[in-house]
Amino acid sequence: MAGGAAVALVAALGWAVWPTPAPYTATEAVVTVRSGPDGAEPVALDTTFYLPAGASTGAPAPAVLLAHGFGGSKRSVAADAEELATQGYAVLAWTARGFGRSGGQIQLNDPDYEVRDAQRLLDWLAAQPQVRRDAAGDPRVGVVGGSYGGALALSLAGLDRRVDAVVPMITWNDLARAFLPQSAAGGPAQGVFKKAWAASFFGRGSETVGPVGDGAGPDAASGADVPDAAAGLPEPAGRRADPACGRFAPALCAIYQRLAVTGRADAEALARLRRASPAPLLGRINAPVLLVQGAGDTLFPLAEADANFRAIHADGTPVRVAWHTGGHDAGPGPTSDTDRIKALTGQWLGHYVKRELAAPPASFTWSRVAGFAIGERGLVATGYHVDDYPGLTGQGAAALAVAGPPRPVANPPAGLPAGISSLPGLGAVAALSGVGDAVTADIAGQHATFDSEPLTEPIDAVGAPRVTIRAASPTGEAVLFVKIHDVDPSGRASLPGGQVAPVRLTGLPTNIGAARPVEVTLPAIVHRFEAGHHARITIATTDQAYAVPVEPVTYTVGIGAADSAALTLPTLVGEPIATGAQIWLYVLVGLLVAVAIGVLVVVLLLGARRRRVAVTVEAPFEQTPLVVRGLRKEYPGGFVAVEGVDFTVERGQVVGLLGPNGAGKTTTLRVLMGLTRATAGDALVFGHRLGPGAPVLSRVGALVEGPGFLPHLSGVDNLSAYWHATGRPDDAAFFEEALDIAGLGDSVHRKVGTYSHGMKQRLAIAQAMLGLPDLLVLDEPTDGLDPPQIAAMRKVLRRYATDGRAVLVSSHLLAEVEQTCSHVIVVHKGAVVASGPVDDIVGDSPTTYFTVGDTAAAMAMFDKMAGVVSVAIDDTDNLVVDLGTVPRGAAVAALVRAGVRVERVVPRRRLEDAFLALVGEQTRGSGDR
Amino acid sequence: MVRDIGAAVGYRPEHTLPLRAEWGRQAARRRTQLALGAMVLLPLIVLAAFQFGNDDDGDGGRRSEFSSLADLATAGGVNFAVFTVLVSSTFLLVVVVALFFGDPIASEASWGSLRYLLAAPVPRSRLLLAKVLVALGYTVLAMVLLVGTALLIGTLRYGWEPLASTVAADISAGEGLLRLLGIVSYLLVTLSVVAALAVLLSVSTDAPLGAVGGAVVLVIVSSILDQIEALGGLRDLLPTHYNSAWLGLLSTPAQTDDIVKGAVSAIVYVTVFLSAAWWRFLRKDVVS
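So the sequences go chain by chain: A and B.
Note that this note's numbering has the first sequence beginning at 1, numbered continuously upward.
Note that this note's numbering has the second sequence beginning at 1, numbered continuously upward.
Read the hints as simulated data drawn from the structure, not as lab findings.
Even glycine gets a Cβ: it sits at the ideal position worked out from N, Cα and C.
Take these hints with a grain of salt, some might be off.
[Said to hold, decoys possible] Computed list of chain B residues with no C-beta within reach of chain A, every gap over 10 Å:
hint, residue
1, A28
2, L36
3, L42
4, L86
5, L92
6, S251
[What the hints assert, rightly or not] Heads up, simulated DSBU-like pairs for lysine-lysine below, C-alpha to C-alpha not over 35 Å straight-line:
hint, chain 1, residue 1, chain 2, residue 2
7, B, K284, A, K829
8, A, K795, A, K751
9, A, K751, B, K284
10, A, K829, A, K864
11, A, K354, A, K342
[Stated by the list, open to error] Quick list of the computed label-pair ranges, beta carbon to beta carbon:
hint, chain 1, residue 1, chain 2, residue 2, range
12, A, G836, B, G10, 33 to 39 Å
13, A, P129, B, I228, 42 to 48 Å
14, A, A566, B, I228, 50 to 56 Å
Please put together the full structure from these sequences, using the hints given.
If you want it as structure tokens, here you go:
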């Protein structure tokens, strides 16, 4: 059974891991496109084209242009490409210029370079006969990409009207604002440089510098960035170029270097970063846009998607926003998030590109981390939706008073040591450290905190909190980091999303009393402040992710206008998104109902059958303790233990079932006790057909195949445990009588485990007699008993059969049966060979044994003697003579007269005849057949 | 009209092997007493370990739900009970449940007393039902003893504190007790798979050790397969896949998605195993 299950399991696993043929073909190709300001600079792009199996010239497939993130390659998006191809899209993935095995230098999504490259790839797609076209040279195409690829998708849609739909994820609107955020009034020119993220990105663009095959780089694990001579791709020119700039275009590299040193952006830097942004092109977008942004993203926070939304929405282009809990810090997010984003993307492309699905609604969906996922190591997010995207200000607002006196805070020299709010580039680690809220640390002396009262109601904050602060600085300037913490009753603080609001304040007074309140808009968060928790505004001077002034200086910071401020938390209450779990709840209920119905049906069917069986009484045998008719038992494997056994036990009889070991006695008794089912024939007890569990068995007491007791109970406890199991009243048991029969004395109070075989045997006989059953069936009852006990047992059994009761005793000992039983049934090889009253069978038979001196002479004499029926010699040289009508005395006299010496004359008995005939012809047990 | 079923006076099939009788048959057994004793002893051992153990176990800051629950075990009585349940759910409770469900029929068969029960006659369905219900009773008793002892000594030692968790806000002690009740109920649901398998093995073998061991081994194999991520979605079908879903009850709001799936999985397995056990037991030739 278990083996079968194991085989089934192995088969199932084998089936599951067996590779199935891909429903698409993937073709790698180097596509050389011409771009640059004049469209004449060739660049070799490493591409993979995934073509669904069903796509052909006659049935062209809609296409998806799939862009990768910064530092990645076409291989980073292979899984997404395969999934889209499986959905029936022709997918073109490529490695952007300056990365992997593509040529060229990184121009940071410059409209003349990366965007133009993508336009040329649209041309390439339009030239593929298996790709659907809206017009000549215009493929039906959606553009999908994350981060670097997302911004490219937006810019491409702004510059090229052939794009039919765009799905940009976790990407920027204005790269200048993203890298130089300023959360108070003012723009990137006053922004605080996000140096850790910038360095991380610059590093990724430089990583391909170095000896061939040194294995560095994000894709090193997949080998994607290791140049492959067999592919025939010329080594990109920039690869060995500049150790300082890697594959960055020199102009970009110079801008970064200035920015990283000064922490301030000059006009050229701002212009270059703007050029790398979709912001200026958004007004030109006509293709519907699905904006996906993550709350766990300190690089491109939710505000970037919000800016994209407002610009695209302004001129009526369909645009939809979805937030998840992932992002550049938090990774892809929990399964529920990735599933939702995949579904939204599939719906968007399915409607606007494939044009098969219904139009997606404009509703806004988002999710909030609910806790750790249990099955998978990660987080669980609960999804919500509202009909319209409310922006970062929510639909409602909760105002919390945060208060505290102004405090001095120090900016350390060189900005070190610095507080920690996020770990750029190590996002997954931070995300796992505590429900999506980054590990945070503030340095003593470098921050001031302002707390609210504990909340009486939970607040679901969705959007950008706002608060006013004040600051004074001896230099007139200050760089400060404003954060909102959630503090639980035990004092543990967590930083939702790891977000901080950097502000650079200028024109500050030296005295805090003269400072004017400044409104700070914190980065948008999705966070539930539980009741009993409180909100805390922290104003810090350092953050290791940002560039701060290197000169030591001490500021004074305060909150609001008068040491108290209203912290405004935007709130949003949405409908929870029904997940697959809802279905499982229905499945669970359905299953419970089905099981309940199933059990009910079985119970009813069984009850009906029991009633039907119970009324089957064969009237002629109503007073007969036992009738066995044509009993046949064939065991699995074909061994026939009993074949056509018939016999009857009448009231008052002690019937012996006699046969050698293995003759079929035990099998017959097993069938009688309902332990096994007869293959054919039946047995009736008082007219009721026997079967497993037949109620009439309650009138039968049995000892079959030796005693069976609970070894940890005493003898008397065993008897009462057995009797309780019958469910019959105690006064019907006749315990005293039974214990008398067992004759165990004080031993009945010992545990059965300590009994000898004989003691167990006597206890078993006593158990069989409990309730004085009308029919007693005993299998080898004298087994293990000593001779006086056997003698006593014989009397007990003979006495028992009075009062209309009957006893059936099986034995392989002739003497046993002869001395105990009134009737006997001899079985052999599973069949009855003789039956009848013991007196009839045991009585003398007509044959007589003669042991004589001269066998031959005696034989001759008997042959001639009138009346003798037959003469034979057995194998011990005895004569076996059927004397017929001749008296034994006359025969002896005749032998003596004939001079034959007579040594022994023994009358033979019928039972012995029968029994010896069986045993004699084969001394092995017939069970050995 | 009195229906004549041909039975002896006082015999009614539906009164055979009363639950009280079966409860008594098992109560006298040493293994039952040991198993129940272990349920009381374990919380005491855990408490002693926390008292005498070294807090700084230096596991390199590796965080898992286990270590975080261990850290919080001394936060209060409810936390201590949750932790005790966690440490016992993966193996000890599995063995105890396999013992309660796998042993009764197989050991009756090995003693030879099964044939006398069947010849009494206790109808086979009735016998199976009584054995399963009584085993269920002992399982619930074991769980109550374990959780009750842990709650009692935990509260005496660490106080009646809110249920703390690393993944969510503290839960008030009263609601924490409800969560604990939910956890225990869900554990019973997942353990029912072990129980049903043990019953199936119990009616298939005369060796009690085979039935108990077989059920435990299957749980272990299933847990191992569950670690193999290459199996992907196939792991969802494993009987133990959702066994730790009760951890979802420690978060706020409680995550019940996996609990529902776990319950569905358990019901399917239990139905299949118990139906097979019943089918087999009804048709079995009892030859031992």
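Hints, verified against the model:
no. : hint                             : result
1   : A28                              : violated, 6 Å
2   : L36                              : holds, 15 Å
3   : L42                              : holds, 23 Å
4   : L86                              : holds, 12 Å
5   : L92                              : holds, 20 Å
6   : S251                             : violated, 3 Å
7   : K284(B) with K829(A)             : holds, 24 Å
8   : K795(A) with K751(A)             : holds, 28 Å
9   : K751(A) with K284(B)             : holds, 30 Å
10  : K829(A) with K864(A)             : violated, 39 Å
11  : K354(A) with K342(A)             : holds, 16 Å
12  : G836(A) with G10(B): 33 to 39 Å  : holds, 36 Å
13  : P129(A) with I228(B): 42 to 48 Å : holds, 44 Å
14  : A566(A) with I228(B): 50 to 56 Å : holds, 54 Å
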